[in-house]
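Peer 1: Please construct the entire structure, taking both the sequences and the accompanying hints into account.
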Amino acid sequence: MANVLSGNSASVVHRNSWNRFLVAILALILCMAGRESVQATTGVGPYEVPQVVDVNADPNIVETYIVADEATVDIGNGSGATTKAMTFKSCGDPANPASCSTTGTIPGPEFRLKVGNQVIVHFVNNLNPSGLTPEANVSGIHWHGIELNNESDGSELTQPAVHPGGTFDYKFIVSRPGIYWYHPHHHSSTNQVAKGLYGSIIVEDKFGYEAALIAQHVIPSAAQTKTLVISDITVCGNAGTNPPTFDPALGLPHVSGIHEWEINYQNHALTQSPSILCDADPLDGNGKHTPGLYGPGDVPNIQSDSLIDRMSEGFMVLTNGVDVGARAGTPSAPGMLVVGASTLDVQAGQGLRLQIVNPSPVRYVRLRLTTNDGQKINLVRIGGEGGLLNYALLEGGISPSGFDTKYGRGEILIPPAGRADVVASIPKSVAQNSVLTLWTQDFQRVEATYSWTPTVPVMHLKVVGHAAKAYKIATWESLLARLGGQATVPVLQMGTGDLVLDNGETGTVDKDIKLTFSSTVGAFVPSVDGIPMPSEFTGFGPDGMAGSGNPFFLESARHANLGKTLELTVTNATGAHHPFHLHGFSVQPIKLTPRKGTTGRSYMFQRKEFRDIVDVPANYTFTFRVSLDDRAMKDNVSVGGGLGRWMFHCHILPHATFGMRSELHVHGAH
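With the working numbering as the guide, the letters of the sequence shown map in order to residues 1483 to 2152.
Careful, some of the hints might be misleading.
Unchecked claim - Once the Cα atoms are required to be at most 25 Å apart in a straight line, the calculated SDA-like pairs of lysine to any residue come out as:
(1) Lys1770 to Pro1616
(2) Lys1951 to His1699
(3) Lys1944 to Gly1856
(4) Lys1954 to Thr1970
(5) Lys2046 to Leu1981
(6) Lys2116 to Pro1616
(7) Lys1996 to Ser2109
(8) Lys1993 to Ala2055
(9) Lys1653 to Ala2151
(10) Lys2046 to Lys1944
(11) Lys2046 to Lys1951
(12) Lys1653 to Ile1602
(13) Lys1951 to Ser1907
(14) Lys1993 to Lys2046
(15) Lys2078 to Arg2107
(16) Lys1993 to Asn2043
(17) Lys1996 to Ala2114
(18) Lys1944 to Lys1954
(19) Lys1888 to Gln1926
Everything labelled a hint here was simulated from the structure, so no lab data went into it. Since we're looking at a predicted model, the values are computed, not measured.
Peer 2: In structure tokens, the structure reads:
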């Protein structure tokens, strides 16, 4: 419960009620011991994730059942803070509980794969029927970032939604190393992700490049590597007691300073507090106001059916489904850990590799690692969404061109749905038994303002012993580049193809995709090219899609031919950041430039890599290249898996649901 104490839950309207609530929590956590083995959703602790159950004896095939279910889980680091969540579990046979890796967990079980592996997933939707029309608990799995066959993409464009009690089989080959994740993408998926339906995927190269770099002491070993799925969640309490704000009286830190936060948070129009979500405006799975819907431990729905409603971050931050425990003070002046905080043992001088996933519907995860005396330890990025980099990068701060990243040098920023592979060198000089803390801080995702969420810990590292061999990594250190040849990241050349419109199709050949807030319906309607899309919550038939089988206005669709390389742009014409995501194909970022008619500094991406989430700042144009490569069909025999309709959208999930999405339709090669 430590993060609840530190501000991931907040004051109620009456201070006396809050004080009684706080005393009760303190009494509970003072009874706990602080160690990693404290029981949590994984049965291990906040620094471990469950693994999938593989029922296929072929070493090149990973086959499992993934079951979406509802379960009561412990998110409070063993304190008994139970939450009624939606969870994934992996089973050899869903009819046999003994074949399951665990009960349902937040996050779901992790897939650890190698390039070339075939993945076979028998998905089972065991969610309870909602009793709503349309059915809110339809589901499925989108394999985010995987370049797979169109039939297995798991979106509204490629697959009918799976109703409660239904099943669907996904079959695909993984073709690129990197960090990926999986989550629902059908009707009400924003709510399902907010309630815990997500899991990580780690894909290693098949040539042994990573193993070679580990052997050369360039990157940390598997024993010094941790998966961190950093998410957020809101949990309801008793009716009428749910807090409307984070309580400034607790002295919670904010990157802008506590005084600024006290002034601004109270008037922040986008906030969805527990008071709103649980008491004042509880929403059913279709976004309809439903009084009296939630009780203690319930996770409220966050997706409204209104095109112009509020959205915001969850009130509690979780690391692998668990609150790691609060720490007093700030990153630059840390204080005491709360009793019961969970720590991970490290050695002075060792390297620590963190493979991080941010599945949050809205929250930007901005990470800073500091020592017991507040000194920053650089987080050096070695890879992420498309595998290892040629050279290590130190990101953040002001770029050489003058572009302001809005986060500190040596910090890491991970937008919603983003991932990062980072390494920290634990200093040889840190004192024994001291505790280093990894904090997440607020990010200025809306132009000229913050989301007004406090700074809270997501990991605590206790220094015990000294590494036999000191580890250090620096920016621009050679990674794949030291292996040379085919190990290095290939560079996509200038585009060889154009957008096309064949056979009278609806769409546009405009190579600039515009992210807009349309004023046709209201002042805040996310859209593509100014074309508002009907809300996801209307017009759905029994198959989980619109009656026509097409939930989109296709005037904003793009069409291209398989086998071509395109150079396209995404222009953010709004006053907020938008993480842009293209299904089915990895993009190679080129540059960010001020959009036409505005001023600002440009940013050239420092090293070539492949990404599927790129954060586009307000009033900027993002230029990228994409190779429309083919792949095997679902049968793993035929070709043509790259053909079909592929969605692109902002990955702030309420924005996508409200209409900031369209599609790239890939046709046969000409």
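Peer 1: All hints are to be evaluated individually against the structure, with a verdict given for each.
Peer 2: Going down the list of hints, with the structure as the test:
For a cut-off of 25 Å, the pair hint linking Lys1770 to Pro1616 stands: about 12 Å separates their Cα positions. For the suggested pair Lys1951 and His1699, the alpha carbons sit about 9 Å apart, so the restraint of at most 25 Å is met. A distance of roughly 15 Å separates the Cα atoms of Lys1944 and Gly1856; the hinted pair therefore holds under the 25 Å criterion. Between Lys1954 and Thr1970 the alpha-carbon distance is near 22 Å, which keeps this suggested pair within the 25 Å criterion.
As the CA atoms of Lys2046 and Leu1981 are separated by approximately 10 Å, the hinted pair is consistent with the 25 Å bound. Our distance criterion of 25 Å between C-alpha atoms is broken by Lys2116 and Pro1616, whose separation comes to about 29 Å. Our distance criterion of 25 Å between C-alpha atoms is met by Lys1996 and Ser2109, whose separation comes to about 21 Å. This hinted pair checks out: Lys1993 and Ala2055 have alpha carbons roughly 15 Å apart, not beyond 25 Å.
This hinted pair checks out: Lys1653 and Ala2151 have alpha carbons roughly 24 Å apart, not beyond 25 Å. Restraint check for Lys2046 and Lys1944: the C-alpha separation of about 51 Å exceeds 25 Å, so the hint is violated. Simply put, Lys2046 and Lys1951 have alpha-carbon atoms about 48 Å apart, too far for the 25 Å limit, and the pair is violated. In summary, the hint linking Lys1653 to Ile1602 is supported, as the alpha carbons are separated by about 5 Å, within the 25 Å threshold.
Among the hinted pairs, Lys1951 with Ser1907 is consistent with the structure: their alpha-carbon atoms are about 12 Å apart, no more than 25 Å. Straight-line distance between C-alpha atoms of Lys1993 and Lys2046 comes to about 14 Å, which keeps the hinted pair within the 25 Å bound. Pair hint Lys2078 plus Arg2107 holds up; C-alpha atoms about 20 Å apart against a cutoff of 25 Å. With a C-alpha separation of about 14 Å, the suggested pairing of Lys1993 with Asn2043 holds against the 25 Å cut-off.
With a CA separation close to 32 Å, the supplied pair Lys1996 and Ala2114 exceeds the 25 Å bound. Our distance criterion of 25 Å between C-alpha atoms is met by Lys1944 and Lys1954, whose separation comes to about 19 Å. For a cut-off of 25 Å, the pair hint linking Lys1888 to Gln1926 stands: about 7 Å separates their Cα positions.
Hints 6, 10, 11 and 17, counting from the list given before, are not met by this structure.
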